[in-house]
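Go ahead and model the full structure; you've got the sequences and the hints to work with.
Going down the list, the protein sequences come from chains A and B. FYI, this note's numbering numbers position 179 of the first sequence as 165, with every residue one higher than the one before it. FYI, this note's numbering numbers position 301 of the second sequence as 287, with every residue one higher than the one before it.
Some clues are possibly wrong.
If several chains are the same, the list does not tell them apart, and a pair holds so long as it fits within one copy or across any two.
[Said to hold, decoys possible] Taking lysine-lysine pairs in the DSSO-like style, the calculated list, with each CA pair at most 27 Å apart, reads:
no. : residue 1 : residue 2
1   : K304      : K106
2   : K59       : K89
3   : K304      : K120
4   : K5        : K99
5   : K216      : K298
6   : K298      : K99
7   : K5        : K103
8   : K89       : K106
9   : K209      : K304
10  : K133      : K102
11  : K5        : K102
12  : K304      : K147
13  : K120      : K99
14  : K298      : K106
15  : K5        : K106
16  : K304      : K216
17  : K209      : K298
The hints are simulated quantities; they were obtained by calculation from the structure and are not laboratory data. Note that this is a predicted model, so its numbers are computed, not measured.
So the chains spell out like this:
Number of protein chains: 2
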Amino acid sequence: MTSTTPPDVAAHVESLIPKFQLTRLLNSDQAGRRISLLGTIDSQDALLIAERAAFDTSDATTRSFSTSLQNIKNLGANDIYAWFLANSNPSASGTTPPPPDFKLNLIYPCTPKHIKKYEKQGLRVVHETPAIYKSYTRPYIAAQHAKGTLQWVYNILDGLKEQDDVMYREHGDAGFLLLPDLNWDRVTLESLHLLGIVERRDIWSVRDLTKRMAPWVAHMREKMLDAAVKLYPQVDRDQLKLYVHYQPTYYHFHIHIVHVALEAGMTQATGKALGLENIIAQLEGLGSGEDASMADVGLSYNLGERSELWEKVFLPLKEGREVRVD
Amino acid sequence: MTSTTPPDVAAHVESLIPKFQLTRLLNSDQAGRRISLLGTIDSQDALLIAERAAFDTSDATTRSFSTSLQNIKNLGANDIYAWFLANSNPSASGTTPPPPDFKLNLIYPCTPKHIKKYEKQGLRVVHETPAIYKSYTRPYIAAQHAKGTLQWVYNILDGLKEQDDVMYREHGDAGFLLLPDLNWDRVTLESLHLLGIVERRDIWSVRDLTKRMAPWVAHMREKMLDAAVKLYPQVDRDQLKLYVHYQPTYYHFHIHIVHVALEAGMTQATGKALGLENIIAQLEGLGSGEDASMADVGLSYNLGERSELWEKVFLPLKEGREVRVD
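Now the structure itself:
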């Protein structure tokens, strides 16, 4: 990337930056990775907007990445998952290190399934009819349960693991606990991201919600909002957005609670996220009795081309081949 | 931010990171600000996911930000605008500096209008009940129509304006036209973004869709998909995602058609976007007869604190004041 500016102009504008005197922070957005600073240069107003740059993905840089890190500080660990903050900056080894500029997640040892999840892949939009759900998706989810892939959630619910991370807990029919999402730094309120994990184990996904359960879902919504604003009194109720994923990463009903200012990425996008209030409204509006459920409606969503559901269900359906879930 | 991990566990997982040996880069996403690396630690597979952290926005750090920068390199300059790369890292001053980790924009001198544009606007989550819609939102929309704010859309539909941009057109009850979205470069297929604007003028927003109209919406969906893949044969039907906004930017029914790989931001997020297929499913599921409509369900969405609907409707409601729409 070479400059197109004449050298004298480049030298001039480069000399302006260190003269910038802060007046105030105007904004911090893009998940806190951009800041807009108002200040003055030679007594005239100036705006300085700074963004974290993209990673250099050259082979040499990625190869030395893990050994170049300074001041690696573990934030939490559970089973094969551990998360950290770290610095790119050598002066971080001093007594007053600069703020960390990397968040790290380590999965070790990892499985081929983890690799698949993090590898770049094409996406497809699928339409899951009630019949497809019943014949293929639900049996697929049941197979995941039978394999014991939910054990880590049950360990948390049973108080066996990650109890220090549990920020709030309530028992009973409307029992749930709140955990910080792995992607949240646990500090920046505007990127607050909590997970509300319900205690009951009979709801595998949004598909299991019935019209009869609409008041329960609405009640869970209120309780989780109550707990979140109690934990973070600086956040107002109407600054929190609740949604669920379909398909979720794991098949035990959980609700994402995020600050409305959190940079919206794929995790909040249509095709992945369903607004909780809109689900409640959809359940309430369902026409065919109290047992009518989200299993009776069509749901469209995105799938990665390497996801099991695409490979085992939707690609065979598209190609007119036989579907074998297990 | 303190770790919740026992010190010996923390020390162990921290010692794993420098032992990570790269196998290959799996992905670079979040606008390049996250990388997923596959490697090995003691011959076992490991995944290391690194993200650029949020800026530290403490007063001390922001105050010294401009003077802490190393290796400031101008990329371009035009009038009051200049853009740069820079390093946070002191070793950047050496002969082989590490890759820059900041992008900077300088606007100097800047005007109050620039400041307003970059200053944070808070967002609020509002829940629009059918009663609020009927009493306040619908009259607000009617007032927008009465003011003639839709004239530019009618000019396009009537063939009077922007005809060079119309990529596809069909007349009749299921008539519509396709335009490129302003944010699309019209070239990059993976960021394809079209607008499908319907010809009929009686649908101001998703709120006007009734159960009776579900087949019409489904038909429009098919027609728009047909047209899009005819225009861009390299794109498959199941690589296209359709959604509508509520609140929309203008109150004439239009559908967003995007490539599923398009980086999902606020435009696709829950609280703003509603998946078209899910709307069709919700309409079909409605219980109270053919005239049941989206006006009868609750809808939650985000509003900017400087938006008219927040200032005129939802803030007064929150504060128990009288609502005056006009």
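Hint by hint, which ones does the structure fall short of? Violated: hints 5, 12 and 17.
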